[in-house]
Amino acid sequence: MAKIVVVTSGKGGVGKTTTSAAISTGLARAGHRTAVVDFDVGLRNLDLIMGVERRVVYDFVNVINGDANLKQTLIRDKRVDGLYILPASQTRDKDALTTEGVERVLNELSEDFDYIICDSPAGIERGALMAAYFADEAIVVTNPEVSSVRDSDRILGILSSKTRHAEQGNGPIPGRLLLTRYSPERVARGEMLSVEDVQEILAVDLLGVIPESRAVLNASNAGTPVILDEDSDAGQAYADAAARFLGEEREHRFLDVPRKGLFGRLFGS
Amino acid sequence: MSFFDYFRSRKTRSAQLAKERLQVIVARERVHRDGPDYLPRLQEEILNVIRKYVQVDEDAVSIQLERDGNCEVLELNVTLPEQRV
Ligand SMILES: Nc1ncnc2c1ncn2[C@@H]1O[C@H](COP(=O)(O)OP(=O)(O)OP(=O)(O)O)[C@@H](O)[C@H]1O
Ligand SMILES: [Mg+2]
Numbered sequence: 043m044a045k046i047v048v049v050t051s052g053k054g055g056v057g058k059t060t061t062s063a064a065i066s067t068g069l070a071r072a073g074h075r076t077a078v079v080d081f082d083v084g085l086r087n088l089d090l091i092m093g094v095e096r097r098v099v100y101d102f103v104n105v106i107n108g109d110a111n112l113k114q115t116l117i118r119d120k121r122v123d124g125l126y127i128l129p130a131s132q133t134r135d136k137d138a139l140t141t142e143g144v145e146r147v148l149n150e151l152s153e154d155f156d157y158i159i160c161d162s163p164a165g166i167e168r169g170a171l172m173a174a175y176f177a178d179e180a181i182v183v184t185n186p187e188v189s190s191v192r193d194s195d196r197i198l199g200i201l202s203s204k205t206r207h208a209e210q211g212n213g214p215i216p217g218r219l220l221l222t223r224y225s226p227e228r229v230a231r232g233e234m235l236s237v238e239d240v241q242e243i244l245a246v247d248l249l250g251v252i253p254e255s256r257a258v259l260n261a262s263n264a265g266t267p268v269i270l271d272e273d274s275d276a277g278q279a280y281a282d283a284a285a286r287f288l289g290e291e292r293e294h295r296f297l298d299v300p301r302k303g304l305f306g307r308l309f310g311s
Numbered sequence: 536m537s538f539f540d541y542f543r544s545r546k547t548r549s550a551q552l553a554k555e556r557l558q559v560i561v562a563r564e565r566v567h568r569d570g571p572d573y574l575p576r577l578q579e580e581i582l583n584v585i586r587k588y589v590q591v592d593e594d595a596v597s598i599q600l601e602r603d604g605n606c607e608v609l610e611l612n613v614t615l616p617e618q619r620v
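Chains as they are written, first to last, in my numbering: chain A, 43 to 311; chain B, 536 to 620.
Everything labelled a hint here was simulated from the structure, so no lab data went into it. A couple of the hints might just be wrong.
To be verified - Below, computed lysine to aspartate or glutamate pairings styled on EDC-like, alpha-carbon distance capped at 20 Å:
hint, chain 1, residue 1, chain 2, residue 2
1, B, Lys554, A, Glu227
2, B, Lys554, A, Glu187
3, B, Lys554, A, Glu167
4, A, Lys136, A, Glu167
5, B, Lys554, A, Glu233
6, A, Lys204, B, Glu564
7, B, Lys554, A, Asp239
8, B, Lys554, A, Asp247
9, A, Lys53, B, Glu564
10, A, Lys204, B, Asp572
Said to hold, decoys possible - Which bits of chain B does chain A cover? Going by a derived footprint, with three or more residues having C-beta under 8 Å, they are:
hint, region
11, 552-562
12, 597-603
Don't be surprised by glycine CBs; every beta carbon is placed ideally from N, CA and C.
Hey, can you work out the whole structure from these sequences and the hints?
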């Protein structure tokens, strides 16, 4: 039985796909068979971030409709053993993801994998609800910015009532906060909500803080999940988050402004 | 206040302001979300009743439903304007 994890946010463009790619790669690298599923019907971007766009033959909706089976559709990652990608469909039909269809595919994946990571689309419409409905756990991706925090709170509300888990009377699913695009400099200047501020407002456990980093754009340019860029701050922060997700205790890093040497103090910004 | 403090305190305001605004809106939206459907209307009617007697702000009435085991407590807070002596 796989554990199903939804990566969600409400607001668009906050880093869900970046996070889905990084965390699923981290879990697979730790030896867990992991499938990462793109629920963003119509847009499909996970394939690009994972660098497998040219290997897409069939997609999620093809499997739901019985046009292809999972074996034909799942794309095996060539860098990390045990990591598979299920691409989203580019159909414009937003109702293509039926509850029964999604359940069937997740059940089948469940027999073969340890973790299923669901990359949710933005918003609180059907696609996002479907990505969350069967989840056992959630990662709520938030930027330190008012509209993102507010949307995350809405999503937390949905997670506490509109999942199968909740509807069966088992209460809200555990959700953890991943604060991304964090800039310690701007927090120090009082221009950006701090991780403590966001945690206080949302009142959920903290999975990790990912700094604003050039490495993320570089990674997406190359089609490599940023967690594989082990020298980068964002890559290391995602590695920490993946380890915490698996129950390891790791101290949070990249929360403070790096101390500048004399050179930096004289010539830095 | 020194010259530098002046700029620092001006800068500190924006994140602090964001936090305060978020706390208010998130609290309000949670009431609407988690509570029974009648809660927003109840809140509005109570506000209107109070306004017959005292002129209060839109957000002067806050209403919250707390669950404690199988007991539900309706908590009502009314902020009255400061009394001028
Ligand atoms: N830590 C970071 N530092 C810098 N840029 C980042 C970071 N995280 C994400 N980004 C950038 O933000 C943009 C949106 O990221 P991503 O596609 O992962 O978001 P999303 O939540 O999946 O978006 P959508 O809602 O459209 O699906 C991308 O250009 C990405 O490179
Ligand atoms: Mg995305």
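Status of the hints after comparison with the structure:
Annotation: proposed proximity of B/Lys554 to A/Glu227 holds, straight-line Cα distance about 18 Å (limit 20 Å). Only pairs whose Cα atoms come within 20 Å are accepted, and B/Lys554 paired with A/Glu187 is accepted, the gap being roughly 9 Å. In summary, the hint linking B/Lys554 to A/Glu167 is not supported, as the alpha carbons are separated by about 27 Å, beyond the 20 Å threshold. Taking the CA atoms of A/Lys136 and A/Glu167, the gap is about 10 Å. The hint holds against a cut of 20 Å.
In summary, the hint linking B/Lys554 to A/Glu233 is supported, as the alpha carbons are separated by about 11 Å, within the 20 Å threshold. Note on A/Lys204 and B/Glu564: the hinted pairing holds, with a Cα-Cα distance of about 17 Å set against a maximum of 20 Å. Pair hint B/Lys554 plus A/Asp239 holds up; C-alpha atoms about 7 Å apart against a cutoff of 20 Å. Restraint check for B/Lys554 and A/Asp247: the C-alpha separation of about 18 Å stays at or below 20 Å, so the hint holds.
Proximity of A/Lys53 to B/Glu564 is assessed by CA-CA distance (about 16 Å); at most 20 Å being required, the pair is judged to hold. This hinted pair checks out: A/Lys204 and B/Asp572 have alpha carbons roughly 16 Å apart, not beyond 20 Å. Three residues within the 8 Å Cβ limit are the bar, and the region 552-562 of chain B against chain A gives 7, so the coverage statement holds. Evaluation of the coverage hint for the region 597-603 of chain B: breached, as 0 residues show C-beta separations to chain A shorter than 8 Å, against a requirement of three.
The structure is inconsistent with the numbered hints 3, 12, although it conforms to all the rest.
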